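Two chains, two frames, some hints: make the complex.
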Amino acid sequence: MPEHLMCELSVPGRVGFRFPKPDVPLAPLPEGLTREQLPLPEMAEVDVVRYFTRLSQLNHSVDTGFYPLGSCTMKYNPKINEEAARLAGFAHLHPLQQVETTQGALAMMYTLQEWLKEIGGFAGVSLQPAAGAHGELTGVLIIRAYHTSRGDTQRTRILIPDSAHGTNPATSAMSGMEVVELRSDRRGNVDLQALRSHCDDTLAGLMLTNPNTLGLFDENLAEIIRLVHAAGGLVYGDGANMNALLGIVRPGDLGFDVLHYNLHKTFSTPHGGGGPGSGPVGVAAHLVDFLPDPILGILEEGDEEEDLPPFYGFVTPPRTIGRMKAFHGHFGMFVRAFTYIAMHGPQGLRAISDYAVLNANYLLARLRGTYHVPYDRICMHEFVLEGRWADAPDIHALDIAKRLMDFKFHPPTNYFPLIVHEALMIEPTETESKETLDAFADTLIQIAAEARSDPDLLKTAPHNTPYGRLDEVKAAKELVLCCVAEYTR
Amino acid sequence: MMYTPHTDADREAMLRTIGVKNIADLFQDVPAAHRFPELALPSAMTEMEILAELQALAWANDTARELICFLGAGAYNHYIPAAVDAILRRGEFYTAYTPYQPEISQGTLQAIFEYQSLIAGLTGMEVCNASHYDGATAVAEAVNMSHHHFRGKRPKVVLSPAVHPQYRDTVRTYTQDSDVVLVGDQGEVDPTANPQALLPLLDDTTSLVVVQYPDFFGRVFDYTDLAKAVHQAGGLLCVAVNPLALGLLKPPGEFGADIVTGEGQPLGIPLSYGGPYLGLFATRQEYVRRMAGRLVGETVDNRGQRAYVLTLTAREQHIRRERATSNICTNQGLMVLAATVYLSLLGKHGLRQVAELCYHKAHYAALRIASLRGYSLWSNEPFFNEFALRCPRPIDEVNDFLLDQGILGGYALGRDYPDFEKVMLLAVTEMNSKEDIDALVDVLREVSHA
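Going line by line, the protein sequences match chains A and B.
Taken in order, the first sequence gives residues 1 to 489; the numbers are from the numbering used here.
Taken in order, the second sequence gives residues 1 to 450; the numbers are from the numbering used here.
In isolation and in its complexed conformation, chain B is listed as follows (with noise of 0.2 Å):
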C-alpha cells in the first residue's frame, strides 16, 4: 500500500510472532455485524493523478493574488517573505508534536520562547501563551479566563458592537450554557459610536469588557480612558488586536489593556481560505495562572546549559482534567513559527515598514474614493488599513461590478448590520500597488454612474 513498508514475508513473520494467522485475527473484539464494512469512496489515486485533480481544483477559483483584493474583515493579504516558508517545511519542524520530551524539543521550545518574547514586547504586555485556534477563540477564552478569574461572582461581559461580529457569535457559542450574560452588542450601543458609550454597561457585576483595535470598522481609538473606567468597575479590559497594525499604533498594554488577544494571521500565514490561522493571547504577569495554552519557560539543563521547558502546565487539562483552565490541548504550532520567523526577518525596521505602506495606501485609497460622487467614508474617526466606505448601490451589487473587472471588493456591512446596507469595508495591504487602487476608484465610478 501507499506508505506502509511491510513485504508479505514481514507481515508473514510478524503474524507468526504474535501467534495468529491473519491480520483479520486481531479485530475479534469488534462486534461480527458491523465488521469491515465496503466504504463507499472512489478507488485510491497515485501521487500523479491526485495533484492533477487537486490541480484542476485550485485552478477553478479566483485567488486574492489574481484578482485585485481589498477584501479584509479578519483576514489580509499581505506578502510572506520567501524565507518564511522554508523554515515551515522543515520536517524537523513540521513532523513534530507538542514538546513534551524538551530534551530532544528545544527547536520548538526555543522558538516558541522567541515567540512569546515577540508578541509581549509588540502588545506591550508581560506574558503570552502559544496559542490559540484564531482571533475568535482567542477572545472566547478571554471570556473564560475572566469568569473563572472572579470566580463566576461578575457574570457580565460587554461586548462591543464594533468587536468582529464572527468573534463575538463564537463567544456566544462557547458561553451558551454558562452564567457569563454578554451585553453591549445587542443594541444596547450604536455600533458607530465611540468607546465611551460603553461606559454605562459597567457596573459591580462586570468581569470583561472587550474591545478590538483597530476595530471591526477600521477605526483606531485610544481606549486609555475606557481601561481607567473599566478598572474603576473593578473589571478587566481585553483589546483584540491586528498584530500588523501594531507595527506602527501605540501598543495596547500602553493604555492599560489587561488581555490582549488578536488574529496572528498577518504575520506571514496565508489567507488559506480561512485557516488555520492563529490566536494570539498576551496578559499580564499577576494573570499567568488563570491564562490557558501552553507556555515555555527558561531554565537549565543538568550540564548547565540554557534551555526552554513547557512550564505551569498544572493549569492544563492533561494535569488538572475537569479543573483545567481550558480544554485547549493542540494548538497552532505551526502558525506560531511562522509568525516568529515574520516578525524576526521584518525586524523593528520592516514591521514598522509594512505597517506604514498599508496605512499610506489606505489613506490614498480613501481619499480618491471619498471624493467620489455617491461616495462617502462612513466615519472620520482615525484608522490602519481598513475603512467603512459608504456606497451609492447595495454592496453586493458593487461587489459583481467589480469581480467583472477583476477586482475583489470589500465586506459587505450589512450581513451583519441590518442598517448598514449600502456600507463596504475595504482593506488595503502593501500589495496593493497605486495602479490598483486607481483601478478601483475608477470602476467604483462607474458603478455609481451605471
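So here's chain A without its partners, still in its complex pose (with noise of 0.2 Å):
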C-alpha cells in the first residue's frame, strides 16, 4: 500500500518538538514583516520517526543488497567513517572561527591534501569543490584561467569523446567554452585520427575519462596527451573511475594537467541518496597558481625536536580562479575519506583497485557468451555489455534492468554509454565476494534464458518491489511538484 504523505498524516495540535521557554524578556515583533501562515506539518515525533524509517524501506541500498550502478562505485561504506564524521570536535566547528581554534581539523584537511597529491600524481589540490561536476567546472575554469593568462584568448575548444560521462559537455558548455565530440575507435579507444584534425591552436584541452565509460584503459593513452600537448591543450582527467587506478597508476605521471576525485566513489563517502559528494581537484606544477581559494597550507613550521607541530591556516593561490563555493569544501566527507585512507595505506589502496578490476573481469568472464560484449578486452573495474539478442527482438536493456529488482538487485547503469545499444554498464566494485557475483551472473544468465522463453516476465517486471513500472509521461505532463495546498486548506 502506498505511503501517504505527510500533509495527510498532519493533525492539527501536534507537536513533535518543544524548545526551551524565552529566558530573555521578549521584543516586539517587527511590524508588517512577520507571517500569516506556516505551511508545515503538525505530527508527533513517533510518527515522523516511523514515517521516514517506513519510506527508507522502500529504497534499494548498498546496505541492503548489490549495487552494481556503472561509474558510481557503489562500494560498501564503512561504519567508522560515520562515527568519524559526527565526532563533536569535528560536527560542531564554524568555518569561520579563528585558526588557532581549528588546528586540528586544519592538519587533518592539510593531510588529506597531501595524500591526495601523493596519489595521483600531482603538485598541487583543492578540496574545496562540492562534487564530481563540480571539480569538473573548477578543472575547466582553472584550463582557461592558464590559456588566457598566456594570451591564448583564442583556445575556446575542449575536446570530449562521445563515451564520456553527461557532466563532461555540460561542465564545458557551462564555462563559455565550444564541445567538440570525439569518436571512439572500434577497440573503444579515442580515435586518433579524429584527434589529429582538432588538434590546432583553438584547443583549450581534452576531458578524458580514463579508465573510459566502456570501462576500458585507453590503449594509446601516452599518444592522445603528447597529442594534445603538442598542440598546446591541457588534459583534464575526469577521476570518477580512479577506483581502477589506486597504486596502479597516477594520473600525474601520465601527464594528465588537472583530474578530479570522487571521494564518493573511490574513497568510499557515502552517496547519500544523490549526495553530498566531494570532488577535490589535483593539478599539475603549471597549474597549482590557478586553484579556487582557498587551499590548506602551512603558515609556520612545526620543530620535531621541540615537539611543535606546524600551524595550519587557509592560503590564497596568487591566480586563483576564485571561489568555487562558501567555506572550504565538504568538510563531513573529507573526515570519511581520510579515515578510509589512513586504514588502508598504500597496499590496501592497491588492493581496492586491484580487486575491483579483478571482480569486474570474473563477472564479465561468467556473462560473455550469453551477453554481447561490444568492446571485448581485459576490462578495468567495470564494463559494458549490450541487453539484446536477435532472438528475443521485444526486450531492452531496460526489461532486463527491471527483472532484476526482482532478485533484490539494484539494476546497472542503463542506456550509457550512449555509444553502445541497450548499454547495460556493471560495476561491481572491490567490496562484492565471489558468493555475490556469482549470484548476480546467475540471475542474468537466467534472466537471457526468459527473455526468449517468457518475454512478458521481463516486459511486465518488476513483480516483486512494493512498487511497479511507474508512468513518468504522467509525472512530465501534469507537473505535480508539491502538496503545499494541502496545508493551507
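Please keep in mind that the hints were generated in silico from the structure rather than gathered at the bench.
Incorrect hints may have been included.
As the list claims (entries may be wrong) - Examples of chain B residues toward chain A, derived with CB under 10 Å:
1) ASP179
2) GLN186
3) GLU188
4) LEU345
5) ARG373
Note that the structure is predicted; figures quoted are calculated from it, not measured.
All residues carry an ideal CB built from backbone N, CA and C; glycine is no exception.
Encoded structure:
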C-alpha cells in the first residue's frame, strides 16, 4: 500500500519537538514583516520517525544489497567513517572560527590534501569542489585561466570523447567553451585520427575519462596526451573511475594536467541518496597558482625536536580562479575519506583497485557468451554489455534492468554510454564477494533464458517490489511537484 | 584486506575463470613505465588506531559547542533534534544513490517530494528543486538560469553589496568566462543603503537582481517595492534566504520574488566546519523548465499506486549534455533529507518557536550591548537574529579577548568591507542562554575599558 504524505498525516495541534521557553524579555515583532501562515506539518515525533523509517524501507541501498551501478562505484561504506565525521570536535566547528581554534581540523585537511596529491601524482590539490561535476567546472575554469594568462584567448574548444559522462559537455558549455565531440575507435579508444584533426591553436584541452565509460584503459593514452600537449592544449582527467587506478598508475605521471577525484566513489564516502559528494581537484605544477581560493597551507613550520606541530591555515593561490562555493568544501566528507585512506595505507589502496578489477573481469568472464560484449577486452573496474538479442526482439536493456529488481539486485547503469546500443554498464566494486558475483551472474543468465522463453515476464517486471513500473509521462505532463496547498486548506 | 571479502581460494578460482595467472596481468594496458608506483603514504591503521588518532585531532579543536558561539555570517549553531540523525543514519537512505530506478527508490523519491513541498511552502514559491551544493552556488545557478531565460540578451546582473561576500565571489568565479556583467557591489552602491539604492542600476539589459533576506548584515527589508521595480524593468528578482528566519518572516513569494535561493544549513545540518550544507532553490512554475537540479513529480505505477519519479530530466546533463541547464549531477541528497526531517519534527509550531527564540535573544543581546560605552548598533533597521555592531577596537582584538574568556565572537566585517574595520557581525540563536549573552556583555564591557 502506498505511503501517505505528511500533509495527509498531519493533525492540527500535534507537536513533534519543543524548545525551552524564552529566558529573555520579549521584543516586539517587526511590524508588517511577519508571516501569517506556516504551511508545515503537525506530527508527533513517533509518527515522523515511523514515517521516514517506512520510507527508508522502500529503498534499495548498498547496505541492503548488491548495487552494481556503472561509473558510480557503489562500494561498501565503512561504519567507522560515520562515527569519525560525527565526533563533536569536528561536527560542531564553525567554518569562520579563528584558525587557532581549529588546528586539528586543518591538520586533517592538510594531510588529506597531501595524500590526494601523492595518490594522483599531482603538485597541488584543492579540496573545495562539492561534487564531481563541480570539480570539472573548477578544472575547466583553471584550464581557461591558464590559457588566458598566456595570451591564448583563442583557445576555446574542448574535445570530449563520445563515451564521456554527460557532465563533461555540460561543464564545458557552462564555462563558456565550445564542445567538440570525439568519436571512439573500434577498440573503444579515442580515435587518434579524429583527435589529430582537432589539434590546432583553438584547442583548450581534452576531457578524458580513463578508464573510460566502457571500463577500458585507453591503449593509446600516452600518444593522446602527447598530441594534445604538442598542440598547446591541456588534458583534463575525469576521476570518476579512479577506483581502477589506486596504486596502479598515477594520472599525474601519465601527463594529465588536471583531474577531479570523487571522494564519494573512490574513497567510500556514502552517496547519500544523491549526495553530498566531494570532488577535490588535483593539478600539475604549472596550474597550482590557479587553484580555487583557498587551499590549505602551513603558515609556520613546526619543530619536531621541540614537539611543536606546524601551524596550519588557509592560503590564497596567487592567480586563483576564485572561490567555487562558500567556506572550505565538504569537510564531513574529508573526515570520512581521511579515515578510509588511513585504514588502507599504500598496499590497501592497491588492493582496492586490484580486487575491483578482478571482480569486474570475473563477472565479464561469467557473462560473456550469454550477453554480447561490444568492446571485448580485459576491462578495468567496470564493463559494458548489450542488453539485446536477435532472437528476443522485444526485449530491451530496460526490461533486463527491471527484472533484476525481482531478485533484489540494483540494476546496472543502462542506456549509457550512448555509443553502445541497449547498454548495461556493470561496476561490481571490490567489496563484493565471489558468492554475490556468482548469484548476480546466475540471475543475469537466467534472465537471458527468460527473454526467449517468457519475454512477458521481463516486459512486466518488476513483480516482487513494493512498486511496479511508473508512468513517467504522466509525471512530466501533469507536473505535480508539491502538496503545499494541502497544508493551507 | 580491510573491506574485500576474497579468500585466497576465491581469488585463484576467479583468476582461473578469467584465464590469467595473477591480478597484475589484468593491467597490461597501463603504460609499463608508470605501472604500480610505490605510494608514499603511512602504512595501514586498524579501526581502533585510526579512531584514537581522529579523536586526538578532534580534541585539538575548540568547537562552537564548547565555546559560547556568537558567530554566524552564513552558518549557524542551532540545536538538531536527535531524531534527525537517527533517520540520516539509516543505511537505506545514506548508502543509496540518485533514485534513477523509481521502483526500488520510493523512499528517497517521496522524501524529496516532501522536501519540495516544505520548501515551497516556507518560501512561498511554487516549485523547488532538490538541490544545489550550498547557498553560494545556488545564487550562481540563479544567475545562470536568468541569463539563459533571457537568452543572453540581458547581460547585466545586479548584486546587492549586502549579499554574503562569499556568495558574490562564487558568482564571479562561475561567470568569469561568460558575458554576464556583474554590477552593484563594485562601489556603485553604498552597502549601508536600503534596497532603493539598487534602483538606478536597473535597465532593459538587467536580467536579475540579487538581494539577501535577512541581508548579510542581518537587516530585514520588505522587498515588495524592489520586486515591482525589477519587474517593471523586465528583469527577475532573486532573494537569498535564511530558511529558519522564514519561520517568522514574511515569505519572499509574498513580495514577488521570482527565484528564492538559500543556505539550508540552519535546518538540522551540523556546522561541520563549513560543509556539507544545502543549497535551496525555488521558483515560479513558469520557470520550471529553466531551473537546474533534480525534480520529483507525482505519478502512478502500473498497479495504480500513487508514486514518485524524477521528472523533467530532459533539462539535465545526462540527457541534454552540452545544452543542459547546468552540469549539476550529484547534489546534497542526504542534506535534503536532514532538512525534511527537521522541518517535519518542528512543524508549524516548532519552526515559529525557534525563529522567535532567535529573534528575542538577539534583540536582548543587541539592546544590552548597545547600552555599553563605546558600542553602538550599526543599523536601525529591523533584524532577525544577527546584527552588526560598532566596537571601540579592531574586531580581531575584540575576538582574541572574547576567546580568552571562552567566547567565539562575531564575524569581522572589515575582511570584506575595508571601511568596517571596527564593525562586528554577531549572531544569536536558541543555543545562547541569557547567561551566555550576559557573559558576552560583561566581556565586551571589559574590552572597551582595557
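Going down the list of hints, with the structure as the test:
1. ASP179: Holds: closest Cβ of chain A sits about 8 Å from ASP179(B), inside 10 Å.
2. GLN186: violated (15 Å)
3. GLU188: violated (20 Å)
4. LEU345: holds (4 Å)
5. ARG373: violated (22 Å)
Of the numbered hints stated above, those contradicted by the structure are hints 2, 3 and 5, listed in ascending order.
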